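Residues per chain, in single letters:
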Amino acid sequence: MQKFSAFSLARQAMGRHLGWRPQWRSVVPKPSYDIIIVGGGGHGLGAAYYLAKQHGLCNIAVVERGWLAGGNTARNTTIIRSNYLFEQSSSYYEHALKLWEGLSEELNYNVMFSQRGCLMVAHTVHDVQVFKRHVYANRLNGIDNEWLTPEETKAFCPPLNISPNIRYPVLGAALQRRAGTARHDAVAWGFARAASDLGVDIIENCEVTGIDRDPSGKVTGVQTTRGPIRAGKIGVSAAGHSSVVLAMAGIRLPLQVNPLQALVSEPVKPAFPCVVMSNTIHAYISQSDKGEMVIGAGTDSYVSYTQRGGLHIPAHTLEAICELVPDFRRLRMLRSWGGITDNTPDRSPITAKTSVPGLYVNCGWGTGGFKATPGAANLFAWTIARDEPHPINAPFTIERFRDGTLIDEAAAAAVAH
Amino acid sequence: MLLIDCPYCGPRAEIEFAYGGEAHIARPAADVSEEEWEAFLYLRDNTKGVLAERWRHAHGCGRFFNALRDTRTDRFHAFYEIGTPRPDVGDAA
Numbered sequence: 013m014q015k016f017s018a019f020s021l022a023r024q025a026m027g028r029h030l031g032w033r034p035q036w037r038s039v040v041p042k043p044s045y046d047i048i049i050v051g052g053g054g055h056g057l058g059a060a061y062y063l064a065k066q067h068g069l070c071n072i073a074v075v076e077r078g079w080l081a082g083g084n085t086a087r088n089t090t091i092i093r094s095n096y097l098f099e100q101s102s103s104y105y106e107h108a109l110k111l112w113e114g115l116s117e118e119l120n121y122n123v124m125f126s127q128r129g130c131l132m133v134a135h136t137v138h139d140v141q142v143f144k145r146h147v148y149a150n151r152l153n154g155i156d157n158e159w160l161t162p163e164e165t166k167a168f169c170p171p172l173n174i175s176p177n178i179r180y181p182v183l184g185a186a187l188q189r190r191a192g193t194a195r196h197d198a199v200a201w202g203f204a205r206a207a208s209d210l211g212v213d214i215i216e217n218c219e220v221t222g223i224d225r226d227p228s229g230k231v232t233g234v235q236t237t238r239g240p241i242r243a244g245k246i247g248v249s250a251a252g253h254s255s256v257v258l259a260m261a262g263i264r265l266p267l268q269v270n271p272l273q274a275l276v277s278e279p280v281k282p283a284f285p286c287v288v289m290s291n292t293i294h295a296y297i298s299q300s301d302k303g304e305m306v307i308g309a310g311t312d313s314y315v316s317y318t319q320r321g322g323l324h325i326p327a328h329t330l331e332a333i334c335e336l337v338p339d340f341r342r343l344r345m346l347r348s349w350g351g352i353t354d355n356t357p358d359r360s361p362i363t364a365k366t367s368v369p370g371l372y373v374n375c376g377w378g379t380g381g382f383k384a385t386p387g388a389a390n391l392f393a394w395t396i397a398r399d400e401p402h403p404i405n406a407p408f409t410i411e412r413f414r415d416g417t418l419i420d421e422a423a424a425a426a427v428a429h
Numbered sequence: 002m003l004l005i006d007c008p009y010c011g012p013r014a015e016i017e018f019a020y021g022g023e024a025h026i027a028r029p030a031a032d033v034s035e036e037e038w039e040a041f042l043y044l045r046d047n048t049k050g051v052l053a054e055r056w057r058h059a060h061g062c063g064r065f066f067n068a069l070r071d072t073r074t075d076r077f078h079a080f081y082e083i084g085t086p087r088p089d090v091g092d093a094a
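So the sequence lines, in the order shown, correspond to chains F and H. Our numbering applies: residue 13 is where the first sequence begins, and numbers increase by one. Our numbering applies: residue 2 is where the second sequence begins, and numbers increase by one.
By construction, these hints were calculated from the structure, which means they are not laboratory data. Note that this is a predicted model, so its numbers are computed, not measured. Every clue listed holds true.
Per the computed footprint, the stretches of chain H lying under chain F, defined by three or more beta-carbons under 8 angstroms from a beta-carbon of chain F, are:
#: 1; segment: 15-27
#: 2; segment: 39-46
#: 3; segment: 49-55
#: 4; segment: 67-78
Calculated Cβ distances over 10 angstroms to all of chain H for the following chain F residues:
#: 5; residue: 14
#: 6; residue: 22
#: 7; residue: 162
#: 8; residue: 339
#: 9; residue: 420
A few chain F residues facing chain H, derived, Cβ under 10 angstroms:
#: 10; residue: 265
#: 11; residue: 314
#: 12; residue: 322
#: 13; residue: 323
#: 14; residue: 325
#: 15; residue: 354
Just so you know, even glycine gets a beta-carbon here, dropped at the ideal spot from N, CA and C.
Next comes chain H alone, as it looks inside the complex (with noise of 0.2 angstroms):
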């Protein structure tokens, strides 16, 4: 199980949390092309690497926050606010 570090409530166990997918997908404007409308909805990097994910504090605060995971590993490297840019960890593992 993983323990994932709030940036409100601290380290907890990954059962109260809830996953987001993948972090900084900006919902575009109403008029943009299918191409443009098919990524936003349904292509993800689906990256073997260093990914930036959303969780929700499902069972604790509620709210949701931004982490940088590697997922050849499982190891969380940086946690953050929504809103905030994605840190630089460089090709970690």
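Just chain F, with the same shape it has in the complex (with noise of 0.2 angstroms):
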């Protein structure tokens, strides 16, 4: 692996850059592995490179229906916090901020993690309660969040609007300083180079059309349209399509598949410092390093593997941000698209065993995975290597749902989070 440094980048430039190699290995799929992660997105790819990094164990593939990181990495807002209510989920958000505050070094790749803070705006009496909630739940937690007046709210963030007669006035806002955003391709490219150098093969333009199992039940391979290729471990990380390749093994899921959308502004000179959410409106904004404004919004209600949604919710996201940040009124927005999420019913992702011997699953991120993914490929790889969870990752179950054990941020956040 090339090394990226001043010092290199000074050498390759003196070469006239005709000296860089590919970042990975474009390979031809092997018969056999130790273990297939199905999925090359930011959860699929940080899997592999976790498990090479930490379990040693290198014989490992990940197969990719499309190119890498072409879903739901590519389709989120990039907001990264960890300021959840219950305990579960904020160790579980925690682990893989702080892992984020180390990533770029580890990866030697600059995944752009900028930690400008995020601001969710408080609009109803209700919103008010809910977030100092979560703020002293939090802080008991030891996760920084903290409670800001409509004027700190204001200092933080100028550009908002925050006169009390507006349709959805700002009445506070809950404050993360550590959260932020970071650059979604660079995640994936930097944990797919990281992991191709310990020896992990991607496998692009590789559909998985079929799970296999030996008389036992305990799964022997996949079936791909480059064909067949056996595992002794299959760990599927597949978002939106998790129900369908678990099915491949007869196993159901409680998930629901929901478009869920985002749009970008034409791009113009720093003027939006942070990362403002309202759940009241679904509307998330923040400013990317291009100068485009990036906004999510709601998600739409019916099931759907299109990656593409009704203009009438994107339309209510851009009401409610003019009002609240007038400055917007006159940009133009240049594209929108539609990823598909799948949600659980408490809102809370699965990253567990499954019923089958040697099938793993990490799914259920539904609308909030990107700023989970190195925590969930850290301990999705613990829970593939060890064939047991990691504690912070045990409650992620899928009998959680039989058992009643609900870890219920679907509640807690009244809406996609």
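Combine both chains into one complex, guided by the hints.
Rendered as structure tokens:
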């Protein structure tokens, strides 16, 4: 692997940048691996990386139906935070946030993690009570989160309109200063490059069409569009297609997929200093390093695999944003798109063993999986390598829907989160 | 936005409707096993293909009905009343 540094950049510049090599190896699938990860997004590539790095397992393939990080990794609004209500969730997301803080250095790849702070704006008395409860719960768990008055909110994010006369007035906000954003592609590419260097085979354009099992039920490999591949263990990290892949092994999941839309404006000069989220009006805004305002909208109500949704959903978000940030009224929107989010009934993820020996699943991240990328990858790798969950992801089983130990962030956030 | 053909009111815009999830899920008797209760409450086929689903004309007649929609294309293939069997539309797209 070519190490990236100021020195290597200068040296390549002397050679007119003709010496750069591809960042990961292009491979033909081998007939057999110890572990196959299904899904080449951030979570899957990260899991392969941590399996190789921390557990010494290098005979691994990541198989991806399309191209790397072309699914939800490429379609989210890149918000990273850990201020979740319940202990189980906040410790999972905090585990991820701590890994984010050292990720660029660990991967020798600039993932452009920017801890610019995330404001969760309250518009109703209910919001105020809920967010203050979040603040107190987080601080008891050692996670930074603080309450700001409308004036303090305005001081932290000057473009906000805090007039009491607007449809959704700002009554205050919860601020997590360590929250922020990262560059989505760089996360996947950084993990791919580091994993490939440790011997992991990354196989694109390879759709899994079946899961093979022996008479005892244990997995023995996968059928793919590039032929059968044998494997001792299979980890499925397929986001919106988790139900489809797990159905090949006869497993039904507590998941429904919904389109979630996002859009970006034309690029402008730096004008928006932090991440602003409003659960009440389903608006999530930050400014990318390219200068675009990145805006997340609400979820479409119905099950769909189309990666698009109805225009009335982003229109509703934009109406509210134009009132909340009046400067944005003249911004033109450049692109909008949708992703298919895999939602569990309690809006908490599943990172667990399945009832099929040798088959593991990391899914149900719904509308908020990007922020968890390194944490989920790290704990999924642990679960696969040791055939048992890490204490942090132990509560995030499939069986919680049978025994009733839900982690009900759906009720805690009252919306997609 | 979807155009939804309410069997009682005719075609209307999606914003008049509330989504009701997968159709034909019957509530089991009270003494079923935990597995069956879990399946009733939480497990869904999450079909990639033709899905039978419920809609309610919330801002219209207020009535529930079923629809067949292909989740790969979002195209509707049938609308039918609650209590009637699922029409056969084959492997539509």
